[in-house]
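Undergrad: Heads up: the sequence shown at position 117 corresponds to 117 in the working numbering, and the numbers run straight through without jumps.
Keep in mind that the hints were calculated from the coordinates and are not lab data. A quick note: this is a predicted structure, and the numbers were derived from the prediction, not measured. Every residue gets a Cβ at the ideal spot worked out from N, C-alpha and C, and that includes glycine. Fair warning: there could be bad hints in the mix.
Unchecked claim - Label pairs and their in silico Cβ distance ranges: (1) 418 x 212: 36 to 46 Å; (2) 197 x 311: 31 to 41 Å; (3) 384 x 406: 25 to 35 Å; (4) 357 x 277: 18 to 28 Å.
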Amino acid sequence: MQTAVAGLEVSVAALATRVAAISGTLSGVGEVFWPTPAPTTVPRPELVAYRVQTPPVIDGDLGEWGEVGQLTFSAAAADYHWGKPLLAMDPRAVISARWDDRNLYLSFAVRDASIVTDSGTRHWQDDGIEVALDGAYDRTPGGPGDYLLTFRPDGAFTNMDQAAPAVVRAVGIGASGYNMELAIPLASLSSKTVAEGARMGITFGLRDDDDGGDVDGYIIWKGSDTLQGQAGFADLRFTAQVAPAAPAVAPERSAAEAEGSDVGSKALSGVVSLQQGINGYTGAQDTYLVASDCAEINLSGEGSLGLSDNPKRRVLLRYDLTTALPRNAVVTQAILSLRAYAGGWSRMDIDVYPLRRAWNAAEATWSQAAHGQPWRTAGAEAAEDRSFLVAATSAVNLLNVWYDMDVTNLVKGWAANPAANYGVIVIPRAGTVSSYDFYAGESPQLGWRPKLTVYYTVP
């Protein structure tokens with residue numbers, strides 16, 4: 001019998017023989033495996049932090065940053081959108097990152113034609129920037145080095161109401177938007193030494209409020225959650241490559257300059273937060289004085305500052321401003337902040353008075369301003385020791401919160417005449433029955449040490 005296979009005429013017997021031969025061959029081979037294509041790895045988006053030999057001056061002026069490594073963050077480049085549709089050009093931010101052995105530096109040139117900061121402590125309802133960091137690079141929420149830092153153009157700053165690292169920051173404001181510079185201590189982000197090739201998780205949020213009240217729009221660069229979405233963050237990659245210095249005269253404007261070319265052409269607005277031992281600032285002194293049995297004992301270095309009327313305890317503080325503010329800075333507001341951590345069972349009203357004589361934190365006692373230099377009246381009670389005009393007040397009634405005192409007029413005077421800066425004495429009002437302890441400049445809780453926040457403009 002003949003049949004046709006693939007156009008060939010063969011006998012059935014011959015075809016059967018060939019099929020048997022093929023079957024025998026395959027049975028000897030065993031199971032046949034088909035190759036699986038190798039999985040493709042999609043690289044994470046990244047922001048590159050370039051090393052700097054000279055750190056940028058944190059003053060709100062981005063002229064020294066240059067163009068290398070700039071990231072443009074806008075609605076078109078965002079993974080997450082909320083609220084009203086955002087125009088492609090408003091808001092948007094040009095972001096750069098730098099680092100040295102001490103800090104991570106970030107700059108933002110934000111285009112925003114309407115800057116609104118009217119919501120008080122409800123910072124999430126106003127214009128502003130969010131910086132979400134996963135310092136441990138573990139891609140999980142709640143780990144070490146996880147921060148959600150929020151910044152407003154008026155200088156307000158928070159870590160979602162948790163203890164925050166000591167971030168130095170400054171803002172410059174113009175008609176088309178604002179500039180912001182940050183210095184974040186690397187030690188607060190990672191226990192490891194940061195070097196070439198190190199990585200952390202990072203993303204940014206940008207809030208837009210055009211008409212006051214609640215926020216109108218919100219975008220996230222990478223991921224969909226700046227608080228708990230670490231798995232979706234981009235990479236912050238540290239390179240040892242040194243960022244080139246910005247040219248003295250640039251042939252063309254950088255992207256950051258183009259975003260807000262008027263920022264700084266008017267009065268520069270800035271803010272500095274001064275805390276002892278943080279980001280190189282060592283100009284703060286503090287101690288407290290105790291009457292009666294402790295009248296001759298110096299209590300500096302204890303890590304705490306005590307206030308009470310019985311026994312009488314008073315706090316001395318001073319901040320050197322000579323290198324803390326830009327030249328020709330005009331102080332617009334200054335806030336002295338103390339954080340209570342112990343004591344208290346009722347309200348304590350406290351008053352701040354300017355001191356009128358020099359004192360030494362390492363030597364001052366209830367009796368003496370310094371060794372061999374007694375107060376005119378013990379406890380700094382004479383007019384030669386201090387003013388009797390109250391400069392600021394606060395009411396203390398809770399623990400683990402900041403108490404802010406507006407000392408703008410004092411700091412304005414000190415900035416204009418540094419020789420008049422003898423600091424302040426904080427005194428509980430007579431009849432107070434409660435007592436409170438506050439973190440001091442030697443406290444191991446760096447971010448909770450006393451701080452002086454100064455807002456200023458530079459004409």
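Undergrad: Work down the list of hints and note, for each, if the structure agrees.
TA: Verification of the supplied hints:
{"no.": "1", "hint": "418 x 212: 36 to 46 Å", "in the structure": "holds (39 Å)"}
{"no.": "2", "hint": "197 x 311: 31 to 41 Å", "in the structure": "violated (57 Å)"}
{"no.": "3", "hint": "384 x 406: 25 to 35 Å", "in the structure": "holds (26 Å)"}
{"no.": "4", "hint": "357 x 277: 18 to 28 Å", "in the structure": "holds (26 Å)"}
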